[in-house]
Amino acid sequence: MINAEKIIEIISSTGVVKDMSKFDPKKSFSDNGIDSLDSFTVFLAVEEQLGVKFSDEESVKIKSAAEMVDLLNSR
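Everything in the sequence shown is counted per the numbering used here, starting at 2 for the first residue and increasing by one.
Each hint should be verified, as a subset may be incorrect.
What the hints assert, rightly or not - Simulated crosslink set (EDC-like; lysine to aspartate or glutamate; CA at most 16 Å straight-line):
id : residue 1 : residue 2
1  : Lys28     : Glu49
2  : Lys27     : Asp57
3  : Lys64     : Asp32
4  : Lys64     : Asp36
5  : Lys27     : Glu6
6  : Lys62     : Asp36
7  : Lys27     : Glu48
8  : Lys28     : Asp71
9  : Lys54     : Asp71
10 : Lys64     : Asp39
11 : Lys7      : Asp71
12 : Lys23     : Glu6
13 : Lys7      : Glu49
14 : Lys19     : Glu49
15 : Lys19     : Asp36
Stated by the list, open to error - Each pair of labels, with its calculated beta carbon distance range:
id : residue 1 : residue 2 : range
16 : Arg76     : Lys23     : 24 to 32 Å
17 : Ser22     : Ser56     : 15 to 23 Å
18 : Glu6      : Gly34     : 26 to 34 Å
19 : Leu51     : Gly16     : 14 to 22 Å
20 : Ser13     : Ser37     : 14 to 22 Å
21 : Lys19     : Glu58     : 27 to 35 Å
22 : Ser22     : Glu58     : 31 to 39 Å
23 : Glu58     : Asp20     : 16 to 24 Å
24 : Glu49     : Met21     : 26 to 34 Å
25 : Asp71     : Ser31     : 16 to 24 Å
26 : Lys62     : Asn4      : 27 to 35 Å
27 : Ser13     : Asp71     : 15 to 23 Å
28 : Gln50     : Ser75     : 24 to 32 Å
Just so you know, the hints here were simulated from the structure itself, not pulled from any lab data.
The C-beta atom is built at its ideal place from N, Cα and C for all residues, glycine as well.
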C-alpha cells in the first residue's frame, strides 16, 4: 500500500517544490506550485521509484498527490 508520505518523499526528491513544509497532498499540484512540466517530472519519478506506469488518461486525471495515492492503491 502506498501512502501520502511516500509520494511526498518522491516529490521532494525531484526538487520541483521549493518549500515542502507547505506542501499539502490534498491541494492540486498547481496550488502546490507544481506546473505542468514539473508534474511530468513528478510522474516520471513516481513511475521510476515505485515501478508503476501511468496511462496518459491517468496522468491527465490526477490533480494532486492524494489522488495519485488513491489511484495507485486502487490497482
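Hints, verified against the model:
1. Lys28 <-> Glu49: violated, 23 Å
2. Lys27 <-> Asp57: Not satisfied, since the Cα-Cα distance of roughly 21 Å exceeds 16 Å.
3. Lys64 <-> Asp32: holds, 10 Å
4. Lys64 <-> Asp36: holds, 11 Å
5. Lys27 <-> Glu6: Distance of about 12 Å is within 16 Å: holds.
6. Lys62 <-> Asp36: Satisfied, since the Cα-Cα distance of roughly 15 Å is no more than 16 Å.
7. Lys27 <-> Glu48: violated, 20 Å
8. Lys28 <-> Asp71: OK: Lys28 and Asp71 at ~14 Å, within 16 Å.
9. Lys54 <-> Asp71: holds, 15 Å
10. Lys64 <-> Asp39: Holds, at roughly 13 Å.
11. Lys7 <-> Asp71: The given pair, whose Cα atoms are some 13 Å apart, holds under the 16 Å limit.
12. Lys23 <-> Glu6: holds, 14 Å
13. Lys7 <-> Glu49: With a Cα-Cα distance of about 13 Å, the restraint between Lys7 and Glu49 holds, given a limit of 16 Å.
14. Lys19 <-> Glu49: violated, 22 Å
15. Lys19 <-> Asp36: holds, 12 Å
16. Arg76 <-> Lys23: 24 to 32 Å: holds, 30 Å
17. Ser22 <-> Ser56: 15 to 23 Å: With Cβ atoms ~32 Å apart, the hint is violated.
18. Glu6 <-> Gly34: 26 to 34 Å: violated, 19 Å
19. Leu51 <-> Gly16: 14 to 22 Å: Between Leu51 and Gly16, where Cβ atoms are some 18 Å apart, the hint holds.
20. Ser13 <-> Ser37: 14 to 22 Å: For Ser37 against Ser13, whose Cβ atoms are near 19 Å apart, the range 14 to 22 Å holds.
21. Lys19 <-> Glu58: 27 to 35 Å: Given range 27 to 35 Å: holds, Cβ gap about 30 Å.
22. Ser22 <-> Glu58: 31 to 39 Å: With a Cβ separation near 33 Å, Ser22 and Glu58 satisfy 31 to 39 Å, so the hint holds.
23. Glu58 <-> Asp20: 16 to 24 Å: Cβ of Glu58 to Cβ of Asp20: about 31 Å, so the range 16 to 24 Å is violated.
24. Glu49 <-> Met21: 26 to 34 Å: Violated - the Cβ-Cβ distance for Glu49 and Met21, about 19 Å, lies outside 26 to 34 Å.
25. Asp71 <-> Ser31: 16 to 24 Å: holds, 18 Å
26. Lys62 <-> Asn4: 27 to 35 Å: violated, 20 Å
27. Ser13 <-> Asp71: 15 to 23 Å: holds, 20 Å
28. Gln50 <-> Ser75: 24 to 32 Å: Since Gln50 and Ser75 have Cβ atoms about 19 Å apart, the given range 24 to 32 Å is violated.
When the structure is compared with the earlier hints, violations turn up for hints 1, 2, 7, 14, 17, 18, 23, 24, 26, 28 and for no others.
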